[in-house]
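Here is what each chain is made of, one letter per residue.
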Amino acid sequence: MAESNRHMRVEILRFDPDKDEVPKSQEYEIPVEEDWKVLDAINYIKDEVDPSVSHRWSCRMAVCGSCGMMVNGEPKLTCKTSLADYEGSIKIEPLANFPIVRDLVVDMDGFMDKFRKVKPWIVRAKERAEDMENLNEKGTYSQSPAELATFKQFSMCINCLLCYAACPVIANEPDFIGPAAIALGHRYNLDSRDEGDRGRNEIFRGEGTAFSCSFANECSEVCPKNVDPAAAVNQAKLGAVVDWAKGLILPREGA
Amino acid sequence: MVQVSRHDIVIVGGGGAGLRAAIAAAEANPDLSVALVSKVYPMRSHTVSAEGGAAAIARDDDNLELHGFDTVKGSDFLGDQDVIEYFVENAPRELALLENWGCPWSRNDDGTVATRAFGGMSTKRTWYATDKVGFHMLHSLFQQSMRYDNIVRYDEYFVSKLLVEDGACQGVAALEIRTGEFHAILGRSVILATGGAGKIFPFTTNGTIKTGDGMALAYRAGVPLKDMEFVQYHPTGLPGTGILITEAARGEGGFLRNNKDERFLVEYDYGVGDKAELGPRDMVSRAIIQEFEAGRGFENRYGNYCAVDLRHLGEDHIDSKLPFVRELAKTYMGVDPVHEYIPIRPVVHYMMGGVDTDINAATDLPGLFAAGEVACGSLNGANRLGSNSLTECLVFGAAAARSALDFAQGASEGDQARLVAQVEEEAARVDALRGNGKGNEQISALRTEMNSAMELGCGVYRNQDTMQVAADETRNIRQRVGDLHLKDTSKVFNTELISALELENMVELAEVLALGAAHRKESRGAHTCRDYPTRDDQNFLYHTLAHRTEDGPRLGRKEVKLGHWEPQERKY
Chain A
211 MAESNRHMRV EILRFDPDKD EVPKSQEYEI PVEEDWKVLD AINYIKDEVD
261 PSVSHRWSCR MAVCGSCGMM VNGEPKLTCK TSLADYEGSI KIEPLANFPI
311 VRDLVVDMDG FMDKFRKVKP WIVRAKERAE DMENLNEKGT YSQSPAELAT
361 FKQFSMCINC LLCYAACPVI ANEPDFIGPA AIALGHRYNL DSRDEGDRGR
411 NEIFRGEGTA FSCSFANECS EVCPKNVDPA AAVNQAKLGA VVDWAKGLIL
461 PREGA
Chain B
9 MVQVSRHDIV IVGGGGAGLR AAIAAAEANP DLSVALVSKV YPMRSHTVSA
59 EGGAAAIARD DDNLELHGFD TVKGSDFLGD QDVIEYFVEN APRELALLEN
109 WGCPWSRNDD GTVATRAFGG MSTKRTWYAT DKVGFHMLHS LFQQSMRYDN
159 IVRYDEYFVS KLLVEDGACQ GVAALEIRTG EFHAILGRSV ILATGGAGKI
209 FPFTTNGTIK TGDGMALAYR AGVPLKDMEF VQYHPTGLPG TGILITEAAR
259 GEGGFLRNNK DERFLVEYDY GVGDKAELGP RDMVSRAIIQ EFEAGRGFEN
309 RYGNYCAVDL RHLGEDHIDS KLPFVRELAK TYMGVDPVHE YIPIRPVVHY
359 MMGGVDTDIN AATDLPGLFA AGEVACGSLN GANRLGSNSL TECLVFGAAA
409 ARSALDFAQG ASEGDQARLV AQVEEEAARV DALRGNGKGN EQISALRTEM
459 NSAMELGCGV YRNQDTMQVA ADETRNIRQR VGDLHLKDTS KVFNTELISA
509 LELENMVELA EVLALGAAHR KESRGAHTCR DYPTRDDQNF LYHTLAHRTE
559 DGPRLGRKEV KLGHWEPQER KY
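Here the protein sequences come in this chain order: A and B.
Quick note on our numbering: the first sequence kicks off at 211 and runs consecutively.
Quick note on our numbering: the second sequence kicks off at 9 and runs consecutively.
Just to be clear, a hint being listed does not mean it is correct.
Here are the simulated DSS-like pairs of lysine-lysine, each with C-alpha atoms no more than 30 Å apart in a straight line [stated by the list, open to error]:
hint: 1; chain 1: B; residue 1: K132; chain 2: B; residue 2: K283
hint: 2; chain 1: B; residue 1: K446; chain 2: A; residue 2: K256
hint: 3; chain 1: B; residue 1: K283; chain 2: A; residue 2: K348
hint: 4; chain 1: B; residue 1: K338; chain 2: A; residue 2: K435
hint: 5; chain 1: A; residue 1: K336; chain 2: A; residue 2: K348
So, partial list: chain A residues that the calculated Cβ filter (under 10 Å) puts toward chain B [stated by the list, open to error]:
hint: 6; residue: N253
hint: 7; residue: D257
hint: 8; residue: C274
hint: 9; residue: M318
hint: 10; residue: Y351
hint: 11; residue: P355
hint: 12; residue: M366
hint: 13; residue: N369
Not the full set, but computed from the structure, chain B residues with beta-carbon under 8 Å of chain A [said to hold, decoys possible]:
hint: 14; residue: E107
hint: 15; residue: D117
hint: 16; residue: D496
hint: 17; residue: S498
Simulated from the structure, these hints should not be mistaken for lab results.
Glycine included, each C-beta is placed from N, C-alpha and C at the ideal position.
Could you build the full structure based on these sequences and the hints that come with them?
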């Protein structure tokens with residue numbers, strides 16, 4: 211790689227629970243290349259300056275969802291964020307609204323529990339073996355391009371958690387199930403192959419779920435994949451209400 | 009203090025193959041306990057980065073014989089034909105199951121699953137979900153796996169040793185990355201599904217987690233590695249980063265162009281007319297290098313490159329079929345393929361070789377199974393066809409689960425005290441490595457040295473002398489990896505320590521790869537040796553086996569299982 215003349219001051223939030231009472235900031239002055247992403251700067255520091263800096267990353271192509279961090283106070287996917295967008299100095303911190311494990315690594319177990327709660331899988335009334343009349347001779351369900359289009363956008367979530375870091379409700383109400391989990395539950399509600407919406411709507415009507423959302427829209431603004439979780443939350447609310455109203459009039463069926 | 013947990017099946021790796029195996033095992037019997045151990049959360053696994061599609065016959069103009077022969081021919085006749093037949097037969101059912109589990113496959117107007125053209129495939133049999141197929145498959149599998157209460161996940165646990173007692177694999181030693189504590193995760197059988205090892209090379213499509221851990225684990229436990237010299241260079245990676253531009257870009261009608269703006273592949277005769285760009289990856293990668301050597305490559309700060317040209321497809325087609333290609337080209341190359349060429353060059357993508365397995369995904373070590381890129385069941389031979397590997401994860405992930413369940417039924421629980429003692433010993437070894445300031449080798453410097461040796465010796469075109477140099481250098485690097493200098497003494501999420509363990513794994517594999525390459529004095533599939541430019545069935549129609557010894561790899565041979573497809577000249 212060509213020698214670079216440009217230098218940058220990179221400030222990283224450091225925290226090791228074995229040694230530190232509170233997180234502290236550490237500054238690094240490093241040479242940078244014009245085409246670097248923020249992640250490249252962190253990796254340079256890790257490899258050449260300070261190997262104790264801890265962060266998560268893998269694909270460096272904005273699809274594995276590992277490298278979400280706060281960059282100058284905004285949640286960003288660091289492999290997708292150009293260093294050239296920042297002048298002179300940059301401040302990198304772990305994603306907001308999550309407990310810090312160490313340095314730039316956050317504890318995401320809470321999200322994993324919320325994620326599972328919305329039953330993010332196809333629910334069918336019958337087991338596959340009893341469901342054969344709904345499958346074609348190739349063993350697949352029929353789904354038109356239009357039916358696919360109704361949920362496709364919400365299936366694009368890479369679980370990077372930027373939306374949780376941006377969400378003003380989570381900040382005050384940590385148990386709020388949150389934008390990504392609602393979007394993923396809603397994605398299955400919209401899927402023509404799924405029959406589990408009743409169950410998910412009950413979850414959406416429960417405490418700390420869709421109705422906690424104040425519709426601030428920050429989640430959709432920071433989403434690096436244009437999933438638009440705010441739209442999903444709003445649609446999920448509506449679906450849950452309609453389902454509840456139907457329940458008042460009609461007798462309940464199955465799941 | 010080592011923590012002990014006991015399961016029936018222990019799966020290492022949470023990508024396509026590991027998740028498929030976990031679901032198959034969990035489904036088979038709700039009373040079984042299935043451990044899924046991964047150094048990352050499963051949805052971060054590198055399956056996520058696959059783009060173009062997954063192959064299985066679906067159309068009326070297709071059949072098992074065609075898919076089988078395409079795969080055999082693509083393998084340059086080094087594929088085992090019984091394995092290939094099993095694969096093509098089971099492929100359609102596996103992809104249909106994934107559909108049932110919610111994978112958003114792209115559709116035809118009549119509601120059936122759509123298929124697209126791919127290199128070396130004689131008809132459209134590649135199922136796709138736009139150009140994010142690996143992402144959608146991985147997330148569908150992971151989300152499906154969450155419904156099973158009997159899958160117990162160990163997220164962010166690094167497996168550093170297989171536990172072998174009484175001649176059988178009975179569990180793993182795993183470092184919990186968050187706490188730095190070791191766990192003995194015991195089972196009646198173990199499945200490796202840790203993916204490939206692209207990171208032994210400097211320029212690769214692979215994510216940073218692709219460090220060949222499972223291959224090294226098996227190799228150290230005495231299981232041979234097979235055909236490691238066969239490394240797939242994908243023709244189209246972005247210069248600098250190595251980010252993949254999917255083969256679907258060509259499948260959807262894109263052209264490759266040189267600096268004279270010529271569709272140069274027309275001259276190479278890998279396919280006629282519309283199919284000129286649809287040659288297999290090994291051949292197209294060689295054609296690009298030949299263009300560079302003839303002075304017909306473009307040049308930028310990263311060296312020579314050619315171009316993918318999608319402009320004639322139009323914005324609507326690009327956005328509906330290749331939206332991720334457009335996003336990647338814009339974000340990482342600063343070009344919009346609707347109006348501009350996408351710069352590309354061949355890039356390390358996939359290991360055809362791996363842990364030697366049979367048609368049942370079983371290794372030589374009782375109780376140990378392997379599936380996906382970590383394994384070499386010889387589906388892919390000397391060159392894998394694009395879109396066969398995602399399906400391979402499913403077909404052989406499921407097969408590994410069945411085999412592991414069969415084995416587990418007859419297996420005893422093993423001697424827990426001896427197994428735990430092994431983990432204590434491993435914990436002591438890793439504790440000594442953590443923050444070890446006495447060593448002399450810097451991790452990143454030694455990694456760079458290994459990367460350079462591999463790039464020089466084991467590229468698209470190889471020479472006998474440079475392969476030998478790579479073999480010598482990697483041996484030297486392997487000997488020095490015991491002298492690493494570490495600075496981070498913390499037990500909490502110590503990624504420097506993980507990097508050291510990963511480097512230990514990679515240097516073992518690099519040596520096997522370079523040595524295997526130097527010994528194969530012919531050109532077959534992805535192994536192209538300038539000194540021996542033709543295939544030599546007389547002397548080299550065999551699999552290379554590498555056994556570990558203290559002095560380095562000991563090479564041996566294994567017979568190729570031929571069948572009703574006779575070896576013939578490989579022409580397209």
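*Of the hints given before, which are not true for this structure?*
Those not satisfied: there are none.
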